[in-house]
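> Here's the letter readout for the chains.
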Amino acid sequence: MSESLGTTGLVLNEPLLWERGKKGRCGFSMPAGDVPSSPLPAELTGDGPDFPDLSEIEVVRHYTRLSTWNFGVDTGLYPLGSCTMKYNPKINEKLAGLRGFAAAHPLLPSVLSQGALQLVFDLERFLAEITGLDAVTLQPAAGAQGELTGMLIIHAYHRLRGKQRTKILIPDTAHGTNPASAALCGYLPVPVPSGPDGILLPETVVGLMDSETAGIMITNPNTLGLFEANIREIARIVHDRGGLVYGDGANMNAVLGVVKPGAVGVDILHLNLHKTFSTPHGGGGPGAGPVAVRKDLVRFLPVPRVVERNGAYELSEGFPESVGRVMAFHGHFGVLLRAHAYILSMGPDGLKQVSRLAVLNANYIREKLKDVLHPAFDRPCMHECVFSDQNQQETGITTLEMAKRLIDYGYHPPTIYFPLVVHGAIMIEPTETETKEDLDGFIEAFRSVVREAGENPGVIREAPVRCKLRRVDETAAARNPCLTG
Amino acid sequence: MRYLPHTDGDIAAMLGTVGLKELDDLFAAVPGDCRFKGALQLPEAMSEWALEELVGRLAGRMAVSPEYSVFLGAGSYDHYIPATVSSLLGRSEFVTSYTPYQPEMLQGTLQGIYEYQTLAARLMGMEVATASHYDGATALAEALLMAVRITGRKKVALSRAIHPHYRQVVRTYFAPTGYELLELPYLETGLTDLDRIREIQDLAAVAVQSPNFFGCIENLPAAAQRAHSGGALLVSGFTEALAFGLLKSPGSQGADIVAGEGQSLGIPRSFGGPALGMLASRKRHMRSLPGRLVGKTKDRDGKRGFVLTLATREQHIRREKATSNICSNNSLCALAAAMYMASIGGTGIRELASLNHDKAEYLKNALRDAGCPIRFSGPTFNEFVVRFPGGFDAAYRHLLEKRIVAGLSLGGYYPELADHGLLCVTETCSREAMDRLVEEVTA
Numbered sequence: 006m007s008e009s010l011g012t013t014g015l016v017l018n019e020p021l022l023w024e025r026g027k028k029g030r031c032g033f034s035m036p037a038g039d040v041p042s043s044p045l046p047a048e049l050t051g052d053g054p055d056f057p058d059l060s061e062i063e064v065v066r067h068y069t070r071l072s073t074w075n076f077g078v079d080t081g082l083y084p085l086g087s088c089t090m091k092y093n094p095k096i097n098e099k100l101a102g103l104r105g106f107a108a109a110h111p112l113l114p115s116v117l118s119q120g121a122l123q124l125v126f127d128l129e130r131f132l133a134e135i136t137g138l139d140a141v142t143l144q145p146a147a148g149a150q151g152e153l154t155g156m157l158i159i160h161a162y163h164r165l166r167g168k169q170r171t172k173i174l175i176p177d178t179a180h181g182t183n184p185a186s187a188a189l190c191g192y193l194p195v196p197v198p199s200g201p202d203g204i205l206l207p208e209t210v211v212g213l214m215d216s217e218t219a220g221i222m223i224t225n226p227n228t229l230g231l232f233e234a235n236i237r238e239i240a241r242i243v244h245d246r247g248g249l250v251y252g253d254g255a256n257m258n259a260v261l262g263v264v265k266p267g268a269v270g271v272d273i274l275h276l277n278l279h280k281t282f283s284t285p286h287g288g289g290g291p292g293a294g295p296v297a298v299r300k301d302l303v304r305f306l307p308v309p310r311v312v313e314r315n316g317a318y319e320l321s322e323g324f325p326e327s328v329g330r331v332m333a334f335h336g337h338f339g340v341l342l343r344a345h346a347y348i349l350s351m352g353p354d355g356l357k358q359v360s361r362l363a364v365l366n367a368n369y370i371r372e373k374l375k376d377v378l379h380p381a382f383d384r385p386c387m388h389e390c391v392f393s394d395q396n397q398q399e400t401g402i403t404t405l406e407m408a409k410r411l412i413d414y415g416y417h418p419p420t421i422y423f424p425l426v427v428h429g430a431i432m433i434e435p436t437e438t439e440t441k442e443d444l445d446g447f448i449e450a451f452r453s454v455v456r457e458a459g460e461n462p463g464v465i466r467e468a469p470v471r472c473k474l475r476r477v478d479e480t481a482a483a484r485n486p487c488l489t490g
Numbered sequence: 020m021r022y023l024p025h026t027d028g029d030i031a032a033m034l035g036t037v038g039l040k041e042l043d044d045l046f047a048a049v050p051g052d053c054r055f056k057g058a059l060q061l062p063e064a065m066s067e068w069a070l071e072e073l074v075g076r077l078a079g080r081m082a083v084s085p086e087y088s089v090f091l092g093a094g095s096y097d098h099y100i101p102a103t104v105s106s107l108l109g110r111s112e113f114v115t116s117y118t119p120y121q122p123e124m125l126q127g128t129l130q131g132i133y134e135y136q137t138l139a140a141r142l143m144g145m146e147v148a149t150a151s152h153y154d155g156a157t158a159l160a161e162a163l164l165m166a167v168r169i170t171g172r173k174k175v176a177l178s179r180a181i182h183p184h185y186r187q188v189v190r191t192y193f194a195p196t197g198y199e200l201l202e203l204p205y206l207e208t209g210l211t212d213l214d215r216i217r218e219i220q221d222l223a224a225v226a227v228q229s230p231n232f233f234g235c236i237e238n239l240p241a242a243a244q245r246a247h248s249g250g251a252l253l254v255s256g257f258t259e260a261l262a263f264g265l266l267k268s269p270g271s272q273g274a275d276i277v278a279g280e281g282q283s284l285g286i287p288r289s290f291g292g293p294a295l296g297m298l299a300s301r302k303r304h305m306r307s308l309p310g311r312l313v314g315k316t317k318d319r320d321g322k323r324g325f326v327l328t329l330a331t332r333e334q335h336i337r338r339e340k341a342t343s344n345i346c347s348n349n350s351l352c353a354l355a356a357a358m359y360m361a362s363i364g365g366t367g368i369r370e371l372a373s374l375n376h377d378k379a380e381y382l383k384n385a386l387r388d389a390g391c392p393i394r395f396s397g398p399t400f401n402e403f404v405v406r407f408p409g410g411f412d413a414a415y416r417h418l419l420e421k422r423i424v425a426g427l428s429l430g431g432y433y434p435e436l437a438d439h440g441l442l443c444v445t446e447t448c449s450r451e452a453m454d455r456l457v458e459e460v461t462a
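Heads up: the sequence lines are chains A and B, in that order. First residue of the first sequence: 6, per our numbering; consecutive thereafter. First residue of the second sequence: 20, per our numbering; consecutive thereafter.
Since the hints were made in silico from the structure, they are not lab data. Predicted model, so just to flag it, every value in this text is computed and none were measured. Please note: incorrect hints may appear among the correct ones.
[Claimed, not checked] Stretch by stretch, here's where chain B covers chain A in the computed footprint (C-beta under 8 Å, at least three residues):
hint : segment
1    : 34-40
2    : 128-139
3    : 324-334
4    : 340-352
5    : 361-369
Quick reminder that beta carbons are idealized off the backbone N, C-alpha and C, glycines included.
Based on the sequences and whatever the hints tell you, model everything.
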């Protein structure tokens, strides 16, 4: 296995921006003035910000060196559970750079922005078809803002029915954004324990769903990588008691063309285009979190909405019950157009194959690691598999330490310590774009790390040793915060 | 399909490993009544070549320069983006990585964002800036919620001269909270009527924008004084970040929280997004900030390194008690802004901001001289409100035929400003283009 270990290569140091440069340099092509100078009153002007002055080559070297300290999907396998780090197609980047889109002002009159409006209109229809819901807003900027939009819709729905409710049901396996989004709308999140098989039981929901509860937020497949098989029954219970079912579509990559959430009782669902629909995550964003709703909730969607009239597209604000605007303009259009390109590249059969292969890859890893890592649940998974640290307890090696050692083998570690209901959780989502050979390499590396945990724990505690830096001190950073230089 | 690498042989071997016959057997855990049995009604898969043609056709149906002269600003600005920024930003090590949960293998993003936070804080004149938010409007909404948390008060006052879309987003965020939103009118100068602040008790925050929606430069020291004397915080917004190359920073004039839009700093307009929400505060409010923060630390060998920090404010730790629900932010846009600020430098940004101001003044004066009244008397940056003789909308329609987009009609946002338009000029606008606009308006 030693041949799988990364090498240290040539890692160049690079100072901070302001430790470089010299006053008077400039890396910007300054246009000559062609109008008279017209100074502002002196009391309004300052000295300008204290930025370093750098030449073009200094800026280029700086960021090129920084980029070599980063690991992306283009570098290697990135099996972060619930993040769906699939390949980001290059053609989509090229299309996003087309001048007609990249240079387009968001407030152009409709007649001069038909291309963008049509793209938005078409993508909304594609996503409605994929989710089995009736209409979609593309405005939300990220999954969490999609959740907030969904909660605002639930809030508006209950207000219109004449009685606001105070609580919302959220399974104990949910992403942290779910309770935080509910709280922004003033709802008290009520945790719902999952059953012994890792999925929600209708009888638990019956016991919690009352007339004060606005609805349920449910991730399906859930963050244990398991399909919530009782979803229809749970939706019936929630609907019967006047609530709404919110679907967190973060894990939609498992069920494209296999399950339409709208057909199994979900009323509102957000998608993460930067997960399921291949748009890059950019080291933390931008993403996009479109929200799909069933027919009777369409009136609450954010404005403006794109409408079609006689083959022409226009923006309409004529939805008086709308929750309002959630972004200054039309959301992350540059992200939307990448997702649009992805759907057209894959087609209906391709999208279904995406989910089949994503689930195949996850089960393959699960099968190949289950004798050395302890599966959280002894059953096949969907697009991601979750292990606990039970088998490593006696070695004293933690999940975090194994994750750090995986880095030395050249792999980004899985999501760790989430979901919270699994002790020392290791959550692996390989995605469909990884080859069998890369999965085999990852499996071999992980098995090697497990072996080292028993035989040579010292090497694990030292890891990583082949990155730009060794283990960084997160505690010191939080105790004595230094956020600017 | 080229994104799916599995051969039939791979699939057969892997199915064998997991003990299944068919791919569809993988979904045994999905009950039959949950399965979708039809085919998705979507267009059939397109080749890369056909896709490029289709999307190229759509992109061709957009009005952009040089075919059109676009005098539109209002929160989205046409500034030249150096080729270095686009090229460096396109490096896939930056583009295809995730949020840096494993700091040892993402030091590039982390140092880049730490540098962004530093330059952003210097630009805004504040002590601490966050790693990024979605856009200027959501940053403003989060800033006001932050002010409510800090002061424990439940009322905020927003200037009517803040971008109308920003005020709409704030209303959306505030609607379910029960917190009260009041509006401060603007004066004949185009500046916010700060005297109204005295009449309102128990404000958590006073929010203004400078330069404001009309391009007018607000009196921030006076706003800060009025806000502070009533125990409120001053939240200072902006849509044109380049203005601080020339104007005094909001932080140096008494703002407690600064929130605005950084699109001007090297980010394409891209039909409105993705852009860059910028948010900064005084150090004493650091732990109330929403969103991600990168901090400096050391590794085991004592070498300088960077890491996401103060996570105990965030949703993945605090869940419903978090300072915000934000998770994904606009990190890559923040990196673009850092690259832009590094490229232009302290000397350059002042020069470029002055040039922008000179150009806008040129058009403003030329229109005034040609008989188009400038609505507000106060000094402006890059944008101004003008009335066209014969009505703004008629002139706007006439100019569209000449391939000139003459700004934004204001009547829909401010009924009292019917017949007025908001025009914007940046460094990319030539004197010839401005002369042509004046000529056509007065023709």
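> All the hints need checking, so say for each whether the structure fits it.
The hints, checked one at a time:
Closer than 8 Å: that is the beta-carbon criterion, and the segment 34-40 of chain A has 6 residues meeting it against chain B, so the requirement of 3 holds. By the rule of at least three residues with a Cβ nearer than 8 Å to a Cβ of chain B, the coverage given for the segment 128-139 of chain A holds, with 4 such residues. Counting residues of the segment 324-334 of chain A whose C-beta lies closer than 8 Å to any C-beta of chain B gives 7; at least three are required, and the coverage claim holds. By the rule of at least three residues with a Cβ nearer than 8 Å to a Cβ of chain B, the coverage given for the segment 340-352 of chain A holds, with 9 such residues.
Beta-carbon proximity to chain B at under 8 Å applies to 7 residues in the segment 361-369 of chain A; the threshold of 3 is reached and the given coverage holds.
No hint from the list above goes unmet by this structure.
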